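Q: Residue-level listing of the chains:
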Amino acid sequence: GQQVMQIPQYQHVQEGEDFTTYCNSSTTLSNIQWYKQRPGGHPVFLIQLVKSGEVKKQKRLTFQFGEAKKNSSLHITATQTTDVGTYFCAGKKSNDYKLSFGAGTTVTVRA
Amino acid sequence: SAVISQKPSRDICQRGTSLTIQCQVDSQVTMMFWYRQQPGQSLTLIATANQGSEATYESGFVIDKFPISRPNLTFSTLTVSNMSPEDSSIYLCSVEDTNYEQYFGPGTRLTVT
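Protein chains in written order, with our numbering: chain S, -4 to 106; chain W, 8 to 120.
Everything labelled a hint here was simulated from the structure, so no lab data went into it.
In this text, all values refer to a predicted model and were calculated from it rather than measured experimentally.
Cβ coordinates follow ideal geometry from the N, Cα and C atoms, glycine included.
Just so you know, not all the hints are guaranteed correct.
Claimed, not checked - Within a straight-line C-alpha distance of at most 25 angstroms, the following computed BS3-like cross-link-like pairs (lysine-lysine) qualify: (1) S:Lys65 to S:Lys88; (2) S:Lys46 to S:Lys93; (3) S:Lys31 to S:Lys46; (4) S:Lys31 to S:Lys54; (5) W:Lys14 to S:Lys31; (6) S:Lys93 to W:Lys72.
What the hints assert, rightly or not - If the Cβ cut is set under 10 angstroms, some of the chain S residues that face chain W in the computed set are: (7) Gln32; (8) Val39; (9) Ala85.
I would like the entire structure built from these sequences, with the hints used as guidance.
A: If you want it as structure tokens, here you go:
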């Protein structure tokens, strides 16, 4: 079945530094979505990428979808304490209604 | 975006009993999903619930253990039957909007003793 792999599992970041989390699929995706889950909270939708090579920005967050539509990345610049949480990528195959979630990257920030 | 509520928010249950979790959405939606999330883990899809049809279960999940109802386009229930400690988890419902974005309820934290 479809698997979405996500690395790293944990990311400890100094406040103000940048970091990137990566997502890879074994199959071509029709779209990929990113979610953020704060400690004790539920996943919250961040963004959806649909086109090959697509890049979208949300303030300090930059999301990319690979040319082959098999990988994606989330890059956060100038990390702040509000960025703490777990970031999940989730991919959807063509003609499939289901999302396959990656394992998540749990981010902690050192002030 | 949709606003989703779940009841109960948490419960502690004895093994062998059953718990029904309710999910209410503030708008009509076609697709509703039920997920399980073990502490510190990712989300695992249990089943998809469409109004007017049987729920579609993922591999490893069966209707006898996790019966689902979907009586209308704004409501669904998931029952965790004959519970064991291995069922201790967070159960989340979600809905998909017309842009294929998913919105999650706050979750039900279940502990089975």
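Q: Could you run down the list of hints and mark each one as holding or not?
A: Evaluation of the provided hints:
1. For the suggested pair Lys65 of chain S and Lys88 of chain S, the alpha carbons sit about 10 angstroms apart, so the restraint of at most 25 angstroms is met.
2. Distance restraint check for Lys46 of chain S and Lys93 of chain S: the Cα-Cα separation of roughly 18 angstroms lies within the 25 angstroms cut-off, and the hinted pair is therefore satisfied.
3. Our distance criterion of 25 angstroms between C-alpha atoms is met by Lys31 of chain S and Lys46 of chain S, whose separation comes to about 21 angstroms.
4. Annotation: proposed proximity of Lys31 of chain S to Lys54 of chain S holds, straight-line Cα distance about 15 angstroms (limit 25 angstroms).
5. A C-alpha spacing of about 22 angstroms is found between Lys14 of chain W and Lys31 of chain S, which places the hinted pair at or below 25 angstroms, so the restraint holds.
6. For the hint linking Lys93 of chain S to Lys72 of chain W, the alpha-carbon distance of about 21 angstroms falls within 25 angstroms, and the restraint holds.
7. Annotation: interface hint on Gln32 of chain S holds; nearest CB of chain W at approximately 9 angstroms, less than 10 angstroms.
8. For the restraint placing Val39 of chain S at the interface with chain W, the shortest Cβ-Cβ distance is roughly 7 angstroms, inside the 10 angstroms limit, so the hint holds.
9. The beta carbon of Ala85 of chain S comes within 8 angstroms of a beta carbon in chain W, closer than 10 angstroms, and the hint placing it at the interface holds.
The structure is consistent with each of the numbered hints, conforming to all of them.
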